[in-house]
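Residue numbers (this note's numbering), protein chains in the order written: chain A, 8 to 144; chain B, 85 to 1335.
Treat the hints as calculated values from the structure; they're not laboratory data.
Everything numeric in this text was worked out from a predicted model, so none of it was measured.
A couple of the hints might just be wrong.
Said to hold, decoys possible - Which residues of chain B face chain A? A partial, calculated answer using Cβ under 10 Å: (1) Arg110; (2) Asp118; (3) Thr136; (4) Leu1014; (5) Ile1018.
Virtual Cβ for every residue (Gly too), placed ideally from N, Cα, C.
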Amino acid sequence: MGIISFNIVKQTDTGKGRVMLYKDGFMHQIYNDSVDLTIKDSLKELEIYKKEYCTEGKRPILVDITNLKSVSKESRGIYASEDTASVLIKAALLVCNPVSRIIGNFYLGLNKSKMPVKMFGDVGEAVEWLKQAHDKK
Amino acid sequence: MSLEDTRITKILEAIQQIASGNFDARIEISSALDQIDGIATGINMLSEEIQTRIEEQLKENQKLNETISQLREVKRELSRSEELSSQVFQTSPDSISISRLEDGIFVEVNQSFEKLTGYNRDEIIGRSVFEFGLWSKKSIREELEKRLLKDGICTNLETDFRVRDGSIVQGLLSASLLHINNRPHLLVIGRDISKIREAEETLYATRRKYEDLIQFSPDGIILLDNSGMIEMANPAFALLAGLPAEKITGRHFKDFKGFNLKDLPKYTRVLSQVLQGKVPKPMEMNFSKKDGIEQYIDIHVTPIWKEGKITGAQAVVRDITDRIRAIEALRISEDQYRTSMDAMHDAMYVISPELVVTVVNKALRVGLAEVGVSPDVVGKNYKEAFPFLDASTVDEYKDVFTSGKTIQKEERYKIGDQERFADTRRIPIYEGKLVARVLTIVHDITERKKTDKVQQIMYNISNAVDTTKDLDELFRSIQLELGSIFDTRNFFIAFYNKNDETLSLPFFVDEKDSFDSFPARNTLTGYMIRNDQPILMKDKDIAKLVKKRILDDIGTPSKIWLGVPLKIKEEIIGALVMQNYEDENAYNEKDLEILQFVSAQIGFSIATKRAYDEVQVEKAYFEQLFEGSPETVVLTSNDGKLIKVNGEFQKLFGYTPDEVLGKEIDRLIVPEEFQEEARNISESVARGKKILTETVRQHKDGTRIHVSVIGTPIEIEGGQVAVYGIYRDITDRKNAEIALRESEEKLRNILYSSPDAITVSDLRGYITECNQAALDVFECDNEKDLIGNNANLFVIPELRVKGISGLKKVLRHGHIKNVEFEMLTKNGRKIFADLSASLIRDNNDLPIGIVSIIQDISARKAYEKDLKLAKEKAEESDLLKSAFLANMSHEIRTPMNAILGFSELLKSEDLSKETRNEYVKIINNKGNELMLIISDIIDVSKIEAGDIKILYAEMEVKDFLQQILHQLNEEKSLMNKDHIQLRLNMPEKECPIIVSDEARLRQIMYNLINNALKFTHDGYVEIGFIIKEKKVQFFVKDTGIGIVKEKQEIVFDRFRQVDESINSEFGGTGLGLSISRDLVNLLGGDIWVESEENKGSTFCFHLPLYKNSKAGENSGDQNIEKKRKGTLVDFSGKKILVAEDDSANYLFIESYLKHTQSEILWARDGEQLLELFHSEPDLDLILMDLRMPNLNGIDATRIIRKANKDIPVIALTAYAFADDREKSMEAGCTDYLAKPVTIEKLSETLLKYLK
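Given only the sequences and the hints, what does the whole structure look like? Please build it.
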């Protein structure tokens, strides 16, 4: 796992984690240890993205799901929805353990996301991918 | 069992539960989030997924079951109605369909539907009507749906359907709503009405065509039924009848008044035939319009068949009135035509296609008879009838008969010896479409042809004026032209010379004779000219005249002579003569007339040619002048358009002739700023005025050109026709003029701006021009005061002779330089002038005037005078200074000698105390004298350098004078003037206060009083003041030797004394009064002296009064007394620090202080001073020398003040300057004492701060 060394310009507690905005323009969602993510949590995150981070347009996001213990099916549905795609350009899922990898695979396999989503084990690659996407935009 | 085994066991248990159908089973995920947790997560998510999907499948199954139930219900419903409806349904000729309202899916259709649409049932059922696109217009379907939803039923809706093969079928629909399984269905019954519509349209179209035919037919048409009733009348019939159609229809034809009553039986018979199926021939009948006008109609009646039966009759009526009337008119015209032909002047005849003459008119018959041809030509072949006609006319007649076109041509006949000309027209006469005959009209144009010929000759002769190169060629041309109608083999043109009565013959062609000229007298030509009558004369008549000696027999006699005078505007210029030597009938009267007629033109042509030749010569001259001119010459129309330019134009203005001709000259060559001027010039010239001016024009490239312009109107017969312009380039001259003018202007500017007075005069000296400086110098208001006057008038009278000789010198040598004159201004004031003058010469070096430069040197002269005085004064001053220095030397040396001498004597030890004291006193006195001298010298230096600073402060005058008196009373004895009374005289009630510098005022008073004491041997010296005009006037009055009046002026001058010899007696520097005067002036006052020799002097000065408090308030004497007592003080217990680097000075102070019982500390420099200041905290006062080693008194005071603000520090220094005082006070000193300080002053000051 690489080291993220971007300038944080904003961050918000999402309840079960926090979301940050880097100077480069992409968001970073991380979770507290051993979190079970429910639909309620996901809706709250999405609300924060909409109202606080994506008011001027869509942004790419790095979602570090390493600390997740589980994600409910409904919650996955939220992330795969049009609503989420309306505020996010792309999402890089950072998975660094078997559980998060399984969760990521389930998400990619069963939930047809409305935006490009890719799974990374290395934060540097994830950020590079996001920046490419972001720069292209 | 290890932890991992436990976790795997849990996973296995969960899998078993899931396998048994319990999809709610979940495995707990540890915080390790390792591989096992990953497997567990996967299983959890899989079971969740499966569970979700199973639930969704169950929901779907439930929906499916509901649908199946509904279908079953529908089927049951259908089964119930099937029997009832199937028979009707299937056998109906109309197409029937049942479809769901919501989506149009067909539920059932019958066979007719299949037939109508082309789709079979299996294809349709279960599919939507919209898939097939049956509704060609969706809006109709929507309309249907709307109606059904509203009313439940919709009937007889016409619409188009698109069937399987793509064709459109017109249908008539009825529809209603059915509810099957509680769902609305649409029952539609349709019928194909395409064929019905097609038949209807065909019928309609046919009927429409028939109606249109009747309506728009140009023939009138009426329809009658079997009974004869008029059922219909078309517009054409209505027009024919003059009635509207509705007034014609609905009545029996017999009642219709258009048909004549007498014709009714015939109509009835014809109608009867028609109703029997016969078709009678058309009839020409009469017909009356509504207004009764009789017309002719052609009527054609036919039966009307309907379904094999005659239902009525149709009558087509055509108006043939015009045709009938035309035929009648033709018949009438035939008669009129024969009559008319005979009445015609032109010969006319008609021939048949066989070329036989059928008709001739009277004119032809007469004409034929006249030329000897038989007039009985009718019935003859035209060639036989008219043998003189050309053979080609046969083809022409044939052509007219075949082509039907009229031929018109001029024909020439030769009948006997007569030549005739005719304008012949062969006109076809039609019968039907064929040319039945040809009418020939012959118009005799023989005379006209001759006239034309004469006209042609005249035209040719007129033309020859232009086409022939000279008169001779013109004459030949005239002969040739006349030769076409006359015999001109013997032909001459004679010009009549009135002066010598001769006839010159510029043209003479003759078979027999040859003449250049002959006399006019007694010749037939001369005879004719004199009588101004044309002559046609045969030889015998000429012979008679010869015989009668009216004529001389000149030249060969001719058989016939024909001559006419040649005239121009009624003036006979000569004659035109032709003659024949063989045929006496060669000319006749007609020829005479013609020749006379032609002669006018010939005369005019000859005159024109002569004039033209002259013009040509003039034109050539003009051209040469125009083109050869070295000037630019243009010819313009009156409106300024260029008609002609010569070659110089292009050189001057750059335009080629092609570029400018026809254009307005002003637009081409006139610069913008000269447009108005050019317009004025053009207008003047256009009004007939000659213009000669100089102006500016521009080259094509924009270059400005100075030109002289001559504009001359060209008039012909009193009317102006053009303008002739000559442009000359005067740019060089103008530039030279401008340069000259500029040069003159510059010179003039120099003249006028010169600070020196400059005048220009003629050779006699009379001023013609002058500048402002000259006016200023001579104090003149304007030029008139100078110009016109002789310059010598301004020289003072006694020098005018010198002035005249100066003028002569200028004329002789060309100039004079720096001659000084005393001159007079206009106001009579004398001025000194420096005069330089030189001759002005013209281009030929001849003198034309004199320019004079006069410099007012009065100021310089005055300055020189002042300078001279100053020099003298300086020289005097120098003497004074020398005297002063000598005096000064004496004044300084005298006390110095005493001081040095007595100091030397003091060294002697054997001196008694008294003697020693005496010596010390002398040294002290002489030291004081020396100090005074040095002070005076320093003061003079400071006054001269402007370094004296005045420190103003309020001061009481009385107090001040009392102090002065007190001090000088003591000094008086030192001056050995004890016998002189020193007294004070002040007004008791006044107590003035002035704002002044006390030190300087004291210095003034000391000087004055010392002087007074010095020059007073007996009596008194009185000081005091009076108040006068808000000023305090001080005075020092003595009863001394006084000053003579002449010397009173100089006593205040430096280095001056009333009598330098006196000085030796009285001593002194001679600076005291001078210093006093300068100081009084600095203090804002004046000083003067009033004196009388041997009686005394009073020196007075006044200063401004500040305020004046009345007396009695304070007693100056008391104050002084107090102070005086203060010198006897006791300072015991007081500790005084004396800072003084000079031990002598310290000893002086110590010597004084030790009598006061005070404790004294001595600091030799600034550092010691500070040490003692810090080590002796109980100091009471510091006497501070400002100039000390290591640390000066100013800086030391500043340091002390930081530690102690209260201790009195008294500055004590030799720098007796105001600056030192200010600096020390600024540094924090409490007071100031200037060296050398007196014991009194020191005592007074110490008393002030140590009390």
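With a cut-off of 10 Å on the beta carbons, see whether Ile1018(B) makes it to chain A. violated (87 Å)
Min Cβ distance, Asp118(B) to chain A: is it shorter than 10 Å? holds (6 Å)
Quick one, is the Arg110(B) hint okay against chain A at 10 Å, beta carbons? holds (9 Å)
Interface restraint verdict for Thr136(B) against chain A (beta-carbon cut-off 10 Å): holds (6 Å)
Given Leu1014(B) as an interface hint, is its Cβ closer than 10 Å to any Cβ of chain A? violated (92 Å)
When held up to the earlier numbered hints, the structure conflicts with 4, 5 and fits the remainder.
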